[in-house]
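There are 2 protein chains.
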Amino acid sequence: MQKKLIILFFSFISLAAFADDGSRLWLKYDLIKDVKQRENYAKFTKFITTSSTNATILKASEELKNGFEGLMGKKVSTIKKADSQVGGIILEVSEKQIFTKNLANDGFAIFSNKGNIIISSKTEVGVLYGAFELLRKVQTGQSLSNISVISNPKIKIRMLNHWDNANGTVERGYAGSSMWKWNELPFRIDPRYIAYARANASIGINATSINNVNASSRFLTAEYLEKIKAVADVLRPYGIKVFISVNFRSPRTLSGLKTSDPLDPEVRQWWNEKTKEIHQYIPDFGGYLVKANSEGEPGPQDYGRTHADGANMLAEAMKPFAGIVIWRAFVYNADPNGDRFKEGYEQFKPLDGKFDSKVIVQVKNGPIDFMPREPFHPMFGAFSKTTLGMEFQITQEYLGQSTHLTYLAPMFKECLDTDTYVKGKGSEVAKVIDGSIYNNQNSLMAGVANTGSDVNWCGHPFNQSNWYAFGRLAWDYSLSSEQIANEWIGMTLTNDVVAKKQINSIMQKSLPTYISYTYPLGLHHMMGEGHHYGPEPWLSKSGRLDWTSIYYHRADSIGLGFDRTGKLSNALKLYSNELIESWGNPEKCNLNYLLWFHHIAWSKKLSTGNNLWDELCFRYYDGVKQVKVLQDEWETLKAHIDFETFQSVQGRLKIQEKEAIWWRDACVLYFQEYSKMPIPKNLTPPNRSLEEVKKLVEIYHLR
Amino acid sequence: MQKKLIILFFSFISLAAFADDGSRLWLKYDLIKDVKQRENYAKFTKFITTSSTNATILKASEELKNGFEGLMGKKVSTIKKADSQVGGIILEVSEKQIFTKNLANDGFAIFSNKGNIIISSKTEVGVLYGAFELLRKVQTGQSLSNISVISNPKIKIRMLNHWDNANGTVERGYAGSSMWKWNELPFRIDPRYIAYARANASIGINATSINNVNASSRFLTAEYLEKIKAVADVLRPYGIKVFISVNFRSPRTLSGLKTSDPLDPEVRQWWNEKTKEIHQYIPDFGGYLVKANSEGEPGPQDYGRTHADGANMLAEAMKPFAGIVIWRAFVYNADPNGDRFKEGYEQFKPLDGKFDSKVIVQVKNGPIDFMPREPFHPMFGAFSKTTLGMEFQITQEYLGQSTHLTYLAPMFKECLDTDTYVKGKGSEVAKVIDGSIYNNQNSLMAGVANTGSDVNWCGHPFNQSNWYAFGRLAWDYSLSSEQIANEWIGMTLTNDVVAKKQINSIMQKSLPTYISYTYPLGLHHMMGEGHHYGPEPWLSKSGRLDWTSIYYHRADSIGLGFDRTGKLSNALKLYSNELIESWGNPEKCNLNYLLWFHHIAWSKKLSTGNNLWDELCFRYYDGVKQVKVLQDEWETLKAHIDFETFQSVQGRLKIQEKEAIWWRDACVLYFQEYSKMPIPKNLTPPNRSLEEVKKLVEIYHLR
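First to last, the sequence lines map onto chains A and B.
Taking my numbering, the leading residue of the first sequence gets 1, the next gets one more, and so forth.
Taking my numbering, the leading residue of the second sequence gets 704, the next gets one more, and so forth.
None of these hints come from the bench; they were simulated from the model.
Quantities reported herein were computed from a predicted structural model and do not represent experimental measurements.
Backbone N, C-alpha and C define an ideal beta-carbon position, used for all residues, glycine too.
Only true hints are included.
The list that follows gives simulated cross-link-like pairs (lysine to any residue, SDA-like), each with its CA atoms no further than 25 Å apart:
{"#": "1", "chain 1": "B", "residue 1": "Lys1398", "chain 2": "A", "residue 2": "Gly256"}
{"#": "2", "chain 1": "A", "residue 1": "Lys425", "chain 2": "A", "residue 2": "Ile580"}
{"#": "3", "chain 1": "B", "residue 1": "Lys961", "chain 2": "A", "residue 2": "Leu690"}
{"#": "4", "chain 1": "B", "residue 1": "Lys1398", "chain 2": "A", "residue 2": "Glu266"}
{"#": "5", "chain 1": "B", "residue 1": "Lys1357", "chain 2": "A", "residue 2": "Leu185"}
{"#": "6", "chain 1": "A", "residue 1": "Lys658", "chain 2": "B", "residue 2": "Ser958"}
{"#": "7", "chain 1": "A", "residue 1": "Lys638", "chain 2": "B", "residue 2": "Ile892"}
{"#": "8", "chain 1": "A", "residue 1": "Lys694", "chain 2": "B", "residue 2": "Tyr984"}
{"#": "9", "chain 1": "A", "residue 1": "Lys654", "chain 2": "B", "residue 2": "Arg939"}
{"#": "10", "chain 1": "B", "residue 1": "Lys1331", "chain 2": "B", "residue 2": "Ser1392"}
{"#": "11", "chain 1": "B", "residue 1": "Lys1022", "chain 2": "B", "residue 2": "Ser1060"}
{"#": "12", "chain 1": "A", "residue 1": "Lys229", "chain 2": "B", "residue 2": "Thr1348"}
{"#": "13", "chain 1": "B", "residue 1": "Lys1361", "chain 2": "A", "residue 2": "Asp233"}
{"#": "14", "chain 1": "A", "residue 1": "Lys258", "chain 2": "B", "residue 2": "Ile1402"}
{"#": "15", "chain 1": "A", "residue 1": "Lys114", "chain 2": "A", "residue 2": "Asn102"}
{"#": "16", "chain 1": "B", "residue 1": "Lys979", "chain 2": "A", "residue 2": "Ile699"}
{"#": "17", "chain 1": "B", "residue 1": "Lys1398", "chain 2": "A", "residue 2": "Pro298"}
{"#": "18", "chain 1": "B", "residue 1": "Lys1212", "chain 2": "A", "residue 2": "Asn183"}
{"#": "19", "chain 1": "B", "residue 1": "Lys1398", "chain 2": "A", "residue 2": "Asn272"}
{"#": "20", "chain 1": "B", "residue 1": "Lys1357", "chain 2": "A", "residue 2": "Gln280"}
{"#": "21", "chain 1": "B", "residue 1": "Lys1357", "chain 2": "A", "residue 2": "Glu226"}
{"#": "22", "chain 1": "B", "residue 1": "Lys1357", "chain 2": "A", "residue 2": "Arg236"}
Label pairs and their computed distance ranges (CB to CB):
{"#": "23", "chain 1": "B", "residue 1": "Pro1039", "chain 2": "A", "residue 2": "Gly543", "range": "32 to 38 Å"}
{"#": "24", "chain 1": "A", "residue 1": "Ile194", "chain 2": "B", "residue 2": "Ser1183", "range": "36 to 42 Å"}
{"#": "25", "chain 1": "B", "residue 1": "Gly1233", "chain 2": "A", "residue 2": "Thr53", "range": "45 to 51 Å"}
Looking at chain A on its own, in the form it has when it is part of the complex:
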């Protein structure tokens, strides 16, 4: 009776009309509805065994206990030794086990052994990762019989970059304000910090930089180090190291030094001492993340020094410690006659080989700035003596922010899977990043976080999938977009087979759909000024020419696109010959990158059989049509999705449709002024004028 009641209780909890507010992310642990399935799992999850008192192991055991109790609707005991009991889970940190010999770093093995399931790793955090993997298996309805998993991370540092400001705002954040409550720290620990740590550990993220790369010096004061320490203490048992973004001018700002010149002995001393001080608060401090001489931020060039001088000074300060220095390559001078595409490459190429071994140069996936589609950054593969890290943007600055459904795994994958050919065929970007091509000792994949103070963390319910996908790919970039989506859907939305398939299809279609109504055929950087919301292809004046739209699309009476094959810019030359050959030839160039590299005549016939103008129109119109398809498909899912989540996505898809039409109308009407060609016959021309669309854009520029 007691047992029955408890099950009843759990059933009630789970089946009661509680709306899902999204706060639990993909770690919901709701009762599995199928009793048979539940009973089957229960055979393997009778108890959890560990004799360790290590904080990380305790977190693993706690997670398994809470997870299985929720999923199975029954109590799960924690014991120190299994003795002759079977049907439980044993957590084990060991160098010796048979299965761990194939393990690297924080990899883990899960296997059946004498009636129990062993989670084994050489490290405590590896066991934690294994625990989450086991939970994932159950959350997504997979069998535990004869389980046998070996999993190793392909990238060593799997990191979130928070662009969170000291004042509580988030640069390019679309989910409320900062999740870090600096005013409450160090004395109040928001329970959300723990939820955040669990979510990250569940996907293998092991590093986080807690403040904006446009950095405030205040994060280096004792006042703030005490606060950061409190955060680090929460994250530590989950295997997450804290990094700080630093302002290069800090020695002047904080201590009144006359210079921040990296070759100045006093400045070097200052950083040595500051680094020591930080370690008094955070002994396992991850290191520094630096944006220098970029978009107005201070840096070594202010003193006639190089990026290497700046980075190496910090590396020297870090020498006594395990931490590292991550130096961003996102730099570009305001040269109206140059090509922003090339600037990071050209500034850093002469420094290849000059960076300290503690330095990782962090490079954005593409050469411009997180556009919905970019060719990979030509630095990848071209730097044989420097460890390059990947910087993806999870937050959807240019990808629909919190209102458009856009699943980003295909975008991350497109970059990682592209062959650089630097060591012949098979030299994919991923292999540059994981260090295998140039035998780097370290490796890094960073994602600019999309987390905020909103109840559901990420704004659009599907934005959570991008956080999830980033982490999974940083762990193992060979996972497919489909598999990752399937995991996420099962853990977050539903395990109904048909619904899952439908949702996965929506997710896979979402990025091409978004690109179609915003930046088809390799167009880029035409968004609303400043806020980067909505279309503004006519933007011709800004603080810098390379912040306008016309700089990038180069529309004129002849055609459209940025010729990077030689005449206007020779940026294409930065790639390997194989790519120059394919991308450099407008006949062979992948249409997705066409206008990235070529200025194409409006009347030029493309491989699709349409001329450029018609193809452009078809794509913009098709993008809008596809949003309606997404809407229709979403409607079919109502019975399977929590009501609040269903409505949230439903409402956002309506906004997406409206704004897709906005993008389409803005772009076809604007480019028509150059092409002077009619909208193809089978398409209905926009029912408003370009002036009317421009007016709409202006609204978003009003204070």
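We have chain A; now place chain B onto it with these hints.
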């Protein structure tokens, strides 16, 4: 058996270890733990009866059903007619009932009749208010036997002012970003809008202005009116009218008019049409809220016109409709030789009698700017021909933001209860506001909202009590601070009698404690520049002299305080003779206002027996000591408070202690430079220098 199980289910739900995240505010409806008490209430709450299909009545019935089901742990049915059944609740809108004859506006009566409880009002929203009152009785453990309540609102417009910006930030918001998700509107309705509406209706708030008074014109575009309409549609059934803060320059900004001169026919036409357009979206539009010619905002004075010209133009546009125009009196010119204290009064006094009857002039409670303690604004009582509304600040810009525990009802009450003497003794500020002194047809009390996107809405758990208290006082300012606190504690934290008493005591002590370590003896406006966080009494340079600290405290070698009795400023003269006599005489002046009106010599002996310097030090030190008392008292409550809430307050009290010491040290060390007197012997001098404290303040000025 069935029944038993359901009760069991509800018990589990309620008693399970769910942490309280504060999102439900004071409308938790958790199961009453005492079975006897529950059974007793259940006798009165067997069913809810209404035959009305009015949306507001349905909300009332839905709230009662959900509320009682939660509180009693049993199903409550809704029926159309009670017939001979007894033990239920009957909702009734009627002009005829015996009890309603004493009802005004949206007042309500609750009474026992033939075995049922009747909630009766002349209006639907009155019934909704009655429903919340009945729920409150149960939530706070009061008896329903022979219930007999008659309650009328003393103020007609009970309003929240949101200082929320279009970009999602909140000016002076300390609980995340804006709760209005403009990017998601009109198609996605955040369920929080409904929770917000319920919370407001439960305390009688019936109006809300949805955007910052530093207003963006974009709220008047069709694009945004559609969004605002969606919000208005959600709030309407809860009796809440929507107002929009307008930018006076909108005709120029939005339609390219050459001027926004309120006497220009084209401009008047523009506002007429815009107002008509708004009503097409929101037929029951509340009206405009205007900040004009204040702190850089545009206004009629830009064209040589008066505030009355500006307000009356909008009133004219509003003539065909029920809405009104609320015009803020918070104006002050940058006159270094003037006294900001007097400016609102002096600018508006000549306009008394010139405002259209549709205009309410909204005046801040005090003459400067929401300081922790201000004498009431001298406009109150001095304007016989103008309807003046009260503007309180619920958000704690100067009152500890989200980290200091400060219950504001005593501050609101202090202002409302002060006698203006304008019609002899008994002419309290409250009677100016409720319209009884000058027979105004309308009345308004507005509170600047403290709501944000944070899960718990308000940041500090106790900040919720200030939203609650504001609403309750706007409904009935005669309620005591103690009663309001008791209600809120019972609904939010605990109904344990001893704990309740202890918490109430903490709340009552909190404001005097805060004032003691920040602004004792009538000091004001010495906070950190810009962010208004922490102390900065030494601030001597700013964009304007009246934004500095030294402008207000006037510390010199002789003494401290702003002489407003004649020599420096004759601001005191703006009050009635009775007040001039008491406040104007430093011997008789309430010590709380002493330095508001007098420059007092450091060595001057006060009524306490101490000289000014010693008294100042005693108060600063006592403030810190009192924080420790609050901490100790909070510790005793652990068993009675949800664990997460307990820890949140515990952590924040630690921050409060640290910052109280910061305020104390900053102020005594700084003023000591003028007094040249020692810290009194029985006090321990600060263990740091003024320079060290200044350094701390500087951190908060770093980007």
